[in-house]
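*Asks:* One-letter residues, chain by chain:
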Amino acid sequence: METWIKHALDTMYTDFAPGLGPDQFDAYDLQGWLSPEPPPGIVTPRSLRRQANAPDMLETDHFLLNLGPSHPAMHGALRMLVELDGEMVMSSEAHVGFLHRGIEKLAEHRRYNTIGTLMDRGDYATGIMGEWALARAVENLGEIEVPERAEWIRTVVAEVNRMASHYLWLGPLGLDSGAMGPFLFMMRDREACLETLEAVTGSRMMFNYVRPGGVVFDWNKEGNDKLLAYLEKADQYLDEHWEALIGSELFHQRVIGVGIVPHEMALSFAATGFIARASGIDWDLRRDRPYGYYDKLDFDVLTLDGEDIWARTLVRFDEMKQSIRMLKQLVEMGPPPGEHIAKLPKVLRLPEGEAYGSVEGARGELGVHLYSTGGDTPYRMRYRPPIQFHLAIADTVAPGQWLADALLSYGSFDFCFGEVDR
Amino acid sequence: MNEWLRALISVLLLLVIMLVNGSMTIYMLRKVLGHMHLRLGPTELGPAGIAQLIPDIVKLLVKEDRHPNKTDYWIYAIAPILVFVPGLMAYAAIPFSEDLIASDMTYGFLMTVGFLSIIPLGIFAAGYASYNKYSLLGAMRSIGASISYEVPLILSAIVPIMLAGSLNLREIVLAQANSLWFIIPAFPSAIIFFICALMETANVPFDLAEAETELIAGFSTEYSAMRFGFMYLTEFSNNFILASLMVVLFFGGWTLPFVPAEIIEPIAPIIFVLKSYLLIFCFMVVKGSVSRFRVDQMAALGFKVLVTSALIWALIFGVGYKIFLMTVGGGA
Numbered sequence: 001m002e003t004w005i006k007h008a009l010d011t012m013y014t015d016f017a018p019g020l021g022p023d024q025f026d027a028y029d030l031q032g033w034l035s036p037e038p039p040p041g042i043v044t045p046r047s048l049r050r051q052a053n054a055p056d057m058l059e060t061d062h063f064l065l066n067l068g069p070s071h072p073a074m075h076g077a078l079r080m081l082v083e084l085d086g087e088m089v090m091s092s093e094a095h096v097g098f099l100h101r102g103i104e105k106l107a108e109h110r111r112y113n114t115i116g117t118l119m120d121r122g123d124y125a126t127g128i129m130g131e132w133a134l135a136r137a138v139e140n141l142g143e144i145e146v147p148e149r150a151e152w153i154r155t156v157v158a159e160v161n162r163m164a165s166h167y168l169w170l171g172p173l174g175l176d177s178g179a180m181g182p183f184l185f186m187m188r189d190r191e192a193c194l195e196t197l198e199a200v201t202g203s204r205m206m207f208n209y210v211r212p213g214g215v216v217f218d219w220n221k222e223g224n225d226k227l228l229a230y231l232e233k234a235d236q237y238l239d240e241h242w243e244a245l246i247g248s249e250l251f252h253q254r255v256i257g258v259g260i261v262p263h264e265m266a267l268s269f270a271a272t273g274f275i276a277r278a279s280g281i282d283w284d285l286r287r288d289r290p291y292g293y294y295d296k297l298d299f300d301v302l303t304l305d306g307e308d309i310w311a312r313t314l315v316r317f318d319e320m321k322q323s324i325r326m327l328k329q330l331v332e333m334g335p336p337p338g339e340h341i342a343k344l345p346k347v348l349r350l351p352e353g354e355a356y357g358s359v360e361g362a363r364g365e366l367g368v369h370l371y372s373t374g375g376d377t378p379y380r381m382r383y384r385p386p387i388q389f390h391l392a393i394a395d396t397v398a399p400g401q402w403l404a405d406a407l408l409s410y411g412s413f414d415f416c417f418g419e420v421d422r
Numbered sequence: 001m002n003e004w005l006r007a008l009i010s011v012l013l014l015l016v017i018m019l020v021n022g023s024m025t026i027y028m029l030r031k032v033l034g035h036m037h038l039r040l041g042p043t044e045l046g047p048a049g050i051a052q053l054i055p056d057i058v059k060l061l062v063k064e065d066r067h068p069n070k071t072d073y074w075i076y077a078i079a080p081i082l083v084f085v086p087g088l089m090a091y092a093a094i095p096f097s098e099d100l101i102a103s104d105m106t107y108g109f110l111m112t113v114g115f116l117s118i119i120p121l122g123i124f125a126a127g128y129a130s131y132n133k134y135s136l137l138g139a140m141r142s143i144g145a146s147i148s149y150e151v152p153l154i155l156s157a158i159v160p161i162m163l164a165g166s167l168n169l170r171e172i173v174l175a176q177a178n179s180l181w182f183i184i185p186a187f188p189s190a191i192i193f194f195i196c197a198l199m200e201t202a203n204v205p206f207d208l209a210e211a212e213t214e215l216i217a218g219f220s221t222e223y224s225a226m227r228f229g230f231m232y233l234t235e236f237s238n239n240f241i242l243a244s245l246m247v248v249l250f251f252g253g254w255t256l257p258f259v260p261a262e263i264i265e266p267i268a269p270i271i272f273v274l275k276s277y278l279l280i281f282c283f284m285v286v287k288g289s290v291s292r293f294r295v296d297q298m299a300a301l302g303f304k305v306l307v308t309s310a311l312i313w314a315l316i317f318g319v320g321y322k323i324f325l326m327t328v329g330g331g332a
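Line by line, the protein sequences give chains X and D. Each residue of the first sequence is one higher than the last, beginning at 1 in the numbering used here. Each residue of the second sequence is one higher than the last, beginning at 1 in the numbering used here.
Pulled out of the complex, with its shape left as it was, chain X reads as follows:
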């Protein structure tokens, strides 16, 4: 190819932005970047910089390193362009869009009960949450009454899916820190969750289960048995994970005080979910704006001021414990009698207007905003992916950390690129 100049991993490779030559970046003042600590009080994203030619006192050059999209430590198709001074990250810049499929545009040509398949492919680690957010938006706009039984089933599958997703975060976090064993143990537990979901919804990943008005299939015995079998072991499994990974001294050494997201930054970047709760923002949709069956459940929300990866780990670990607690309560209540889906016309037409529906997803507030002009498809759908907000935090907090810490801190945000790229 004529335009191909150098391999991107080449030490001399600088052409990260074709068309923007190095001379256009000469005017940047680099003083702020040379100190190992990030400048104090920074709460906005740093401006883009693509030229790494700042000699420090030893006259060694900084160099640019592509982490991802196929780097083993990058979760999902994220490309982080980091500027390194030795092993110290000087700046970090996220490049997204490798998984873009135009979900929001595609949704404009789909009937309301088929958009769920797109939501599955957004946040693919917790498909149920995306479907539920969409269903809630549709139900809010169409003022559709959802049967009690459907709400119960939705809550159960959402919590099981949350567990599955959290396992998929905690395990790889251990892997990023170098511990391989806990990851494989968590895959065993995730398997139990996925089998439950498979028995209930018929799928392990792309569920297409929660639809406007209810759920597709009724609660069944096989799913119930699998859930009971999992719940019996779940607490013991969590203790194992604590012993093997979270409680270990070496893990503490890697995560305490690393990847700090200050309280103000979390607020100004609109962090939600566990990122917010680990930075002292006491906010959980399940408790503060109850939906589904959550108002009938007894659970706690842990909020910490640690602001680091350790706080995030503790918050999420507590979420897992609370999920198990909720699932136990739900199973004890049993599914309420009645239909599992409301009687709706085959082609659902919503009135003109707009509505927002959101759920507490595994990673934060997962929302869908619908704008309808009265047809059987939305005029515009907006998908609010929590991770996109957290991504902006992740590349703001990376500078000033060691490369190993920066990678661990990227991992701690639990990226799921299906929903960022949409």
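These are calculated hints, taken from the structure and not from any lab test. Using N, Cα and C, we set each Cβ at its ideal position, and we do this for glycine too. Some hints here could point you the wrong way.
Label-pair ranges, simulated between beta-carbon atoms [to be verified]:
(1) X/R110 with D/D72: 49 to 57 Å
(2) X/L267 with D/D296: 43 to 51 Å
(3) X/R382 with D/E64: 46 to 54 Å
(4) D/S224 with X/G97: 26 to 34 Å
(5) X/G97 with D/E64: 32 to 40 Å
(6) X/H100 with D/D72: 36 to 44 Å
(7) D/Y73 with X/E264: 52 to 60 Å
(8) X/K328 with D/D296: 43 to 51 Å
We have chain X already, so just place chain D on it with the hints.
*Replies:* Coordinates of chain D only, in the frame set by chain X:
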């Protein structure tokens, strides 16, 4: 026998031992980690999957040996040899039994450690010549690691050397044959040595040079085929060297307590290898269960904790031992 012929045979034998050790350790790692991680490791080929090694090695041998365009070719080509040859030479002084030593050097311990410290040079050459940023980072980490573990490694061996009064590995073992294993008087040294051995063999808490989730494969990212195979095998066979050094220094080499020398003599190499593999097993259990250190944490551990404690312990022990010899032992 002709001296040169003897040397040639020893080298060939050591080569075989090294290759067997390297591949057996790879197999063992897969099995041990497998069972620690709720899986089985290789199972299909041969009894308990042991024949899996054959296609693995054949694959390394027949793969295309390619290199990226911009490599510094000669350094790139020589680097695996720079890793492999010192790894082989380090076997020279290892006493498998009283007579089974390739080269009974007076300063056997120092020579072994010296050969081992050439290996980071080869690794740095590999990382530098690969013309890849990950490789370069891995190579620099490897140098950083080597300066932080080599000093405490040698310092921690001072105590057993004091006890044996010799740097010759065979004599160190013989000194333990008639008395205690040195692990008992020199227990703190053994702990320091074990940690340094984990660092030297790049086992998990210290596998910074090729931290998979940070640097892809570190210094060996751009290597393929047998050039990669040489580095891979050396890394695994180093497990054996470090384990056998520790067996020699602290666990009585080929001897067993309360067992007379006549019984031990015919099976001495087997005892020695078994002891070494038991220690390798310990390395692997650690590898399978903990997280990794950061670069600065590892350096801090090496310089601040290990060097200091090894020095202080050597001082305390040395003074105590001298006083003991002057009052009770009546000599030295």
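*Asks:* If a hint holds in the structure, say so; if it does not, say that too.
*Replies:* We went through each hint and held it up to the structure:
1. X/R110 with D/D72: 49 to 57 Å: holds, 56 Å
2. X/L267 with D/D296: 43 to 51 Å: violated, 31 Å
3. X/R382 with D/E64: 46 to 54 Å: Holds - the Cβ-Cβ distance for X/R382 and D/E64, about 50 Å, lies within 46 to 54 Å.
4. D/S224 with X/G97: 26 to 34 Å: holds, 32 Å
5. X/G97 with D/E64: 32 to 40 Å: Holds - the Cβ-Cβ distance for X/G97 and D/E64, about 34 Å, lies within 32 to 40 Å.
6. X/H100 with D/D72: 36 to 44 Å: Between X/H100 and D/D72, where Cβ atoms are some 39 Å apart, the hint holds.
7. D/Y73 with X/E264: 52 to 60 Å: Since the Cβ atoms of D/Y73 and X/E264 sit about 53 Å apart, the hinted range of 52 to 60 Å holds.
8. X/K328 with D/D296: 43 to 51 Å: holds, 44 Å
The structure does not agree with numbered hint 2 stated previously, though it agrees with all others.
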